[in-house]
Amino acid sequence: MTGIQILFIVNALVIIFSAVMTVTARHMIHAALWFVLALLGVAVVYAMLEAGFFAVVQVLIYVGAIAILIIFAVMLTRRALEDQEKPFNRASLVTLLIVGIVFVGLILSIRFWPLLQSTTVPLSPDQLTVGTLGLALTDPQQFALPFEVTSILLLAAMIGAIYIAHERKEKGK
Amino acid sequence: MIPLYWYLLLSAAIFCIGLFGAITRKNSVGILLSIELMLNAANINLLAFWRYLYAPNGDLRAEVFVIAIFVVAAAEAAVGLAMIISAYRSRQTVVANDMDSLKG
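Which chain is which? The protein sequence lines are A and B, in order. Start counting the first sequence at 254; every next residue gets the next number (the working numbering). Start counting the second sequence at 33; every next residue gets the next number (the working numbering).
Don't read these hints as lab results, they were simulated from the structure. Where hints are given, some of them may not hold.
If you want the ones that stay clear, here's a sample from chain B, every Cβ over 12 angstroms from chain A, calculated [claimed, not checked]:
#, residue
1, 55
2, 57
3, 136
Straight-line Cα separation of at most 20 angstroms, SDA-like style, residue types lysine to any residue; simulated pairs [what the hints assert, rightly or not]:
#, chain 1, residue 1, chain 2, residue 2
4, B, 58, A, 273
5, B, 58, A, 390
6, A, 339, B, 54
7, B, 135, A, 395
8, B, 58, A, 349
9, B, 58, A, 395
10, A, 339, B, 125
11, B, 58, A, 401
12, B, 58, A, 421
13, A, 339, B, 135
14, B, 58, A, 412
15, A, 339, B, 63
16, B, 58, A, 287
17, A, 339, B, 124
Built from N, CA and C at the ideal position, the CB exists for glycine as well.
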């Protein structure tokens, strides 16, 4: 058991615990804060995978933007759900059973896949740069089209979000 | 070093927790949080496979896929929360069971 493995296990336990708290917390604001902790743990996982760019993007987009957006939404819809009420609907036991079966199935299929026992090879420094990724994203021979498609998706979602959340004044009143 | 399946086990666990939350939460903001957890699990999977199987060859497809998932997650959060706020404004509820305007 090397140091990096211990770090991974501790980080995984933090992520799983905060994910469980996100799903089970009674107050939505607590759930949102546990969610932020889970996202930070995922950023640590990205860093351990030597994907430093994605660790930074995770902190910027998820922790910086999406979490703030969710906390704002929680505050705007504050007194909607009484706090003493159960946070789950009546299908929770059946769902727990199904999710448990899915998880056991995933574990079994992961465990007996010989390819997955492979360990990593160290990368050379020039394979880890953000510049390679950036050039690939703007190169028409590589990923320029997916990049543009995702940016159009983002633009459409932005316009849609503004349109949906916009408070319309009733005409004639 | 860490074997690849540790990452896959972690992401399977996060995905299952998120799946449970997405099906059972009453609060629709909670459903959105659970879906974001599931997207994060998928991202961990993609980056783990990229690092172990594709990065030594300089293959960047998985990374582009992860960027697309980030964008989709941001778009989903923005549109989903706008819809929740809009529904709350007209019906004063965020409980998913009470949002039944489309019920025949």
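Hints, verified against the model:
1. 55: 5 angstroms, violated
2. 57: Violated, since 6 angstroms does not exceed 12 angstroms.
3. 136: 21 angstroms, holds
4. 58(B) - 273(A): OK: residue 58(B) and residue 273(A) at ~16 angstroms, within 20 angstroms.
5. 58(B) - 390(A): Violated - the C-alpha atoms of residue 390(A) and residue 58(B) are around 40 angstroms apart, more than 20 angstroms.
6. 339(A) - 54(B): Roughly 15 angstroms separates the two Cα atoms, so the pair holds.
7. 135(B) - 395(A): Given pair residue 135(B), residue 395(A) is violated - Cα atoms ~45 angstroms apart, limit 20 angstroms.
8. 58(B) - 349(A): Holds. Residue 58(B) to residue 349(A) sits at ~15 angstroms (cutoff 20 angstroms).
9. 58(B) - 395(A): 43 angstroms, violated
10. 339(A) - 125(B): 16 angstroms, holds
11. 58(B) - 401(A): 36 angstroms, violated
12. 58(B) - 421(A): Not OK: residue 58(B) and residue 421(A) at ~28 angstroms, beyond 20 angstroms, violated.
13. 339(A) - 135(B): 24 angstroms, violated
14. 58(B) - 412(A): 28 angstroms, violated
15. 339(A) - 63(B): 15 angstroms, holds
16. 58(B) - 287(A): Holds: residue 58(B) and residue 287(A) sit about 18 angstroms apart, inside 20 angstroms.
17. 339(A) - 124(B): Roughly 19 angstroms separates the two Cα atoms, so the pair holds.
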